[in-house]
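These protein sequence lines map, in sequence, to chains A and B. Numbering follows the working numbering, in which position 26 of the first sequence is assigned residue number 26; successive positions increment by one, without gaps. Numbering follows the working numbering, in which position 118 of the second sequence is assigned residue number 389; successive positions increment by one, without gaps.
If you're looking for bench data, these hints aren't it; they were derived computationally from the structure. For glycine and all other residues, C-beta sits at the position ideal for the given N, C-alpha and C. Treat the hints loosely; a few may be bogus.
Unchecked claim - Chain B is nowhere near these chain A residues, computed Cβ spacing over 12 Å in every case:
id, residue
1, Met66
2, Gly74
3, Arg87
4, Arg132
What the hints assert, rightly or not - One side only, chain A facing chain B, incomplete, derived with CB under 10 Å:
id, residue
5, Asp31
6, Thr67
7, Gln113
8, Met181
9, Leu187
10, Arg209
11, Leu265
Said to hold, decoys possible - Beta-carbon label-pair distances, calculated as ranges:
id, chain 1, residue 1, chain 2, residue 2, range
12, B, Ala475, A, Cys160, 33 to 41 Å
13, B, Ser323, A, His99, 20 to 28 Å
14, B, Thr355, A, Gln102, 44 to 52 Å
15, B, Ser323, A, Val93, 21 to 29 Å
16, A, Arg260, B, Glu383, 38 to 46 Å
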Amino acid sequence: MQYADAEPDIGRPAASSLAISFRNVCKSFGDLEVLRNLSFDVPTGEKLVIIGPSGCGKTTLLRMLMTLEHPTSGTIEVFGELLGLRRAGDALVADTPSHIRQVRANVGMVFQQFNLFPHMTALDNVVEAPIRVQRASKAEAQGRGRELLEMVGVTDKADCYPRQLSGGQQQRVAIARALAMQPRIMLFDEITSALDPELVGEVLKVVRRLARESGMTMLIVTHEMRFASDIADRVVFLEGGEIVEDAPPAAIFSNPSNPRTREFLHAVLER
Amino acid sequence: MTFSFQYVLQILPLLLLGAEVTFEATLGGMAFALVGGLILAVARMSPSRPLSRAAVAYIEFVRSTPLLIQLFFLFYVLPAFGITMSSLLTGILGLGLHYSTYTAEVYRSGIEGVPRGQWEAAVALNLPPFQTWTRVILPQAIPPIIPVLGNYLIGMFKDTPLLATITVRELLGAALNAAGESFRYLEPISLVGAIFFVLSYPSALLIRRLEVGLAIRRR
């Protein structure tokens, strides 16, 4: 199975050992401060799980990496390249659309609400971007698309439209669609929150396997704590727009040092 | 005054020629309004402020002035600036410009009906703006508004008699021409009304069927 690998593609600038680097990132929506002066790094290949109460800014953090939101101040680097900004002398100015696209090509995202294209079949959803953006031939893209659909376990649904699929199947197609672009970083934004409970397992299974077998850098926002502790190399607890705790999963789940983390985990696990 | 079927038969060929011109004007105006409206709608929603403001200003201006005045402007004023077109082409242009401001608003409602997540998915897949519009947004925005667009087209069809005022020999123009020779208005004008009815009513039914068909396909 061909996953997007962690090695830099030919022609790209040499990869920094850091996949992601946030520096003093603040984000406000009007008066509402969502992220406060956030600085952290994610080494290439790391599986980072972000947990925290709702409204703590974890989704915003992912959305900024996908350029769906822009920091109010501070900088984000992806493989050593500024995201959305470029240097002009000493100043930072808005980047050109083509360079934003180039940096963004490193990043793929799976959404809470799947966001599949409803007018395309599962396979067409998967091959659309490789054909239109990467200029892959149709045959090549479809071959790879079918492999990816097989990997996420929806081979027999390739020609179905999203509305004919269960939520779990739709989300697995959405994962295949994101993987088809061979991103080096994958963002998972509460990908099981919109699913019926009995469908959560099949989606998590796919992500678990992906985490185990691929060298991709993964940022995962989730409320599934067992899943988090299984796949994470590192867990970040975010509250009030700040990183309250940053530790390996064993430490954070068995013996959180911060009382707020303890409280949160207690509340979630007692559910 | 009695209704003379013999006279009807006599002028029918002439009126059918006029109906053909009406048909051409409608098709031409429709093509113009469908393309122009889409361009206006996309310009209006553009992130570029000047572009979107220009589109809004244009839409508001055209919608706030009568089609008849616009036709007169194109037909009588533009030639003074050295721009001359055949009267039919002027009519098509006038109908197209006028109705494109209405279709633009229809497109806009369709585009706004596409969930935000679709735009975000397009960004996440790094689709360029053109592909985002043509492959993701418009294929979802247009089917639900086809019936509304269709109704505007019927509206445009029923506005074509205005072209008679700028000497286009469409249905009404042809009828007035015949009436001017015989001084009989009953048959020509009645016939014009009847022909309009015979054409628009089935079109309206067709749009209804289209609406149902689309609803089924989307299920």
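Quick rundown of the hints versus the structure:
1. Met66: Label violated. Min Cβ-Cβ 6 Å, cutoff 12 Å.
2. Gly74: 21 Å, holds
3. Arg87: 23 Å, holds
4. Arg132: 5 Å, violated
5. Asp31: With a closest approach of 23 Å, the Asp31(A) hint is violated.
6. Thr67: Given a least distance of 6 Å, the restraint on Thr67(A) holds.
7. Gln113: 5 Å, holds
8. Met181: 6 Å, holds
9. Leu187: With a closest approach of 8 Å, the Leu187(A) hint holds.
10. Arg209: 21 Å, violated
11. Leu265: Check failed: Cβ of Leu265(A) comes no nearer than 30 Å to chain B, outside 10 Å.
12. Ala475(B) to Cys160(A): 33 to 41 Å: Given range 33 to 41 Å: holds, Cβ gap about 36 Å.
13. Ser323(B) to His99(A): 20 to 28 Å: Since the Cβ atoms of Ser323(B) and His99(A) sit about 25 Å apart, the hinted range of 20 to 28 Å holds.
14. Thr355(B) to Gln102(A): 44 to 52 Å: At 50 Å between Cβs, range holds.
15. Ser323(B) to Val93(A): 21 to 29 Å: 23 Å, holds
16. Arg260(A) to Glu383(B): 38 to 46 Å: 41 Å, holds
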